[in-house]
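Enquirer: So the protein lines, in turn, are chains Y and B. If you're matching positions, the first sequence starts at 556 in this note's numbering and goes up one per residue. If you're matching positions, the second sequence starts at 83 in this note's numbering and goes up one per residue.
For the record, the hints were derived by calculation from the structure and aren't laboratory data. Computed from a prediction, not measured in an experiment: that's the story for all the values here. Keep in mind that the hints are not guaranteed to be accurate.
[Said to hold, decoys possible] Okay, derived cross-link-like pairs now, SDA-like style, lysine to any residue, Cα gap no bigger than 20 Å in a straight line:
| hint | chain 1 | residue 1 | chain 2 | residue 2 |
| --- | --- | --- | --- | --- |
| 1 | Y | 632 | B | 94 |
| 2 | B | 101 | Y | 629 |
| 3 | Y | 633 | B | 86 |
| 4 | Y | 632 | B | 100 |
| 5 | B | 101 | Y | 628 |
| 6 | Y | 645 | Y | 735 |
| 7 | B | 114 | Y | 587 |
[As the list claims (entries may be wrong)] Now the in silico label distances, taken between C-beta atoms and shown as ranges:
| hint | chain 1 | residue 1 | chain 2 | residue 2 | range |
| --- | --- | --- | --- | --- | --- |
| 8 | B | 85 | Y | 968 | 21 to 31 Å |
| 9 | B | 114 | Y | 587 | 24 to 34 Å |
| 10 | Y | 794 | B | 85 | 37 to 47 Å |
Where is the CB? At the ideal position from N, CA and C, for every residue including glycine.
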Amino acid sequence: MKILVIQLARLGDIYQTWPTLSALRREYENAEINLLVRERFSAAASNCPHIDKLIKLPTSEILTGVISYSDDSASLKKLSEFSQLLKDEKYDKIINLSFSPFSSYLVSSITHDQESVSGYTRFNDGYLCIPDDVSAYFYAQVGVDKENRIHLSQIFSGVAGVDLLPEDWTLDFNESFLIEARNKFKLDKNFIVIQVGASQSEKTYGEEKWSQVINHFRKINPTQIVLVGAKEETELVKKVCMLAYGAKIVNLCGKTNLTELASLVKMAELVVAGDSLLLHIASLTNTKTLNVSFSSVNFWETGPLAPKSRIVYGETRYDIASDRVATEMDCMLGDKNSGNVIIPRISYGPVAYEFLDNKNKNFSWQLIEAIYMQGSYPLVEDADIAHGLQRLNEVAHLALQQLTEIDFSKNVDIQMELLSQVDTMLEIIPKLVPPLRPLLSWFQTERVRIGPSSLEHVLSITKSIFMDLKSITDLYIESDPLSGVEDANANVFT
Amino acid sequence: MSDKKETNNLKESLFRLEKAAQKIVSTRGYTKEVENIKMLNELIREQLINENISYSTRKIR
């Protein structure tokens, strides 16, 4: 059996794919597992023990024609040759973990049998095809501005159709390599690794804040601090060192390759970082991590997974005091509680963290749990949400009426006009009532998933999706004799 | 070649490829050739943002 896993995102996502690759290896012991990544980020997979072959997407080579000579045909030819090479491999299973348009076209072009694909691909008319429910979940619910709380590692494994075990988070080094690295970088027996930068400026805590953290920390704990980062972050880290002058800092920013960086994380007592590559390496090396996180990222999706990890969360960087971070670092080194509000990592499971304040278990997330995970539909305590559900119910009812009456042998202008108004309402309602967005995202995604087919078939599936929407909203309509929903959820108003 | 020039070439190519794909679709429908053009188009689009360290990848759907 030959399996191709496609991960065309960046370094962090490649490391977050490792557990899935490990589980695939366990599930398909004798399979040949190939991993396709972008050439530029391939270092994150170069020493992955779970794959048989690492394939690099030669982006630069493909784009040379376009970039250097404005020659589209040369680039088209290179791309076509590359996809043909993959197609010739005749993979039995293709798992696309990239969730990007390019990857969907690539999968479509190399597929022999649609049944063997999970993850985004394309229908034969070129429209996006989302064959599996987990990818549909990603399409509908995952992203910074959404309410998803399922960790990305678990979403990847879901798309691949494998279950993860704690031992799937593994990144090992031989002892002599670690000793060599420790000596090369003149490290103490105990040290903390901090990454002050991140791939996006809004994900970073800022150089002044980090220097304040270090200055606070040095007053309460003598542990050596190692600053790491990409070459692009050199100036930022220099500034931190300058502002924290006198602290016990080893500046290794831009001085380590990825394997050395991972070895430092493996040896560290603690990793401290924003939403960055380091978190994902630390999850694999099981190095406890303090994640400084803001609303610009969704920690539920990409936060640290190593046991005993914690998240210090604020809406913005200005909401997190630097002394609080320093105190948390000190407490984590001693396995103590700081008494401050933190978000603890609780498991490797789908929902990896727990808000200490249960009030934060909000309506939208409960709605997601109900739609996708057979949870109970949440109670409505907000008049806007109640009104939004009422409108949705009416809109679904109207759509079902029109879809039932539609007869293409006659003039259908009126029905089409009404259905167009239904679509407008379905766009407006989640804007007016944001907590209902997960429901509408699920609904619209299910419509996107309808493939090219006969008009009757498309109408029939569309009707069935509207019926599902109506059934859900019926739960919230107090006296709807037609709801047909019989369970304890029938009256969910408080 | 400067980054700006490269970026411009990529953007111009995006425009040309989109036009080419539209033309083929309107005359011959969605063909293998269109699929390849669309694929290159998306690769260019992602190149303009993905491999730039300042942006994240998962924003793309």
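Enquirer: If a hint holds in the structure, say so; if it doesn't, say that too.
Expert: Cross-check of the supplied hints:
For the hint pairing residue 632 (chain Y) with residue 94 (chain B), the CA-to-CA distance comes to about 18 Å; that is within 20 Å, so the pair holds. For the hint linking residue 101 (chain B) to residue 629 (chain Y), the alpha-carbon distance of about 17 Å falls within 20 Å, and the restraint holds. Pair hint residue 633 (chain Y) plus residue 86 (chain B) does not hold up; C-alpha atoms about 24 Å apart against a cutoff of 20 Å. A threshold of 20 Å between alpha carbons decides the hint, and for residue 632 (chain Y) with residue 100 (chain B) the separation of about 17 Å falls inside it, so the pair holds.
Restraint check: the Cα-Cα separation between residue 101 (chain B) and residue 628 (chain Y) comes to about 14 Å, which is no more than 20 Å; the hinted pair holds. For the given pair, residue 645 (chain Y) sits about 43 Å from residue 735 (chain Y) by alpha-carbon distance, which is inconsistent with the 20 Å threshold. Between residue 114 (chain B) and residue 587 (chain Y), the direct Cα distance comes to roughly 28 Å. Violation of the 20 Å bound is thereby established for this hinted pair. With their beta carbons about 53 Å apart, residue 85 (chain B) and residue 968 (chain Y) fall outside the hinted range of 21 to 31 Å.
Range check, residue 114 (chain B) to residue 587 (chain Y): Cβ separation about 27 Å, and the 24 to 34 Å hint holds. Checked against the given bound of 37 to 47 Å, the beta carbons of residue 794 (chain Y) and residue 85 (chain B), roughly 25 Å apart, lie outside it.
This entry does not satisfy hints 3, 6, 7, 8, 10, going by the numbered hints stated previously.
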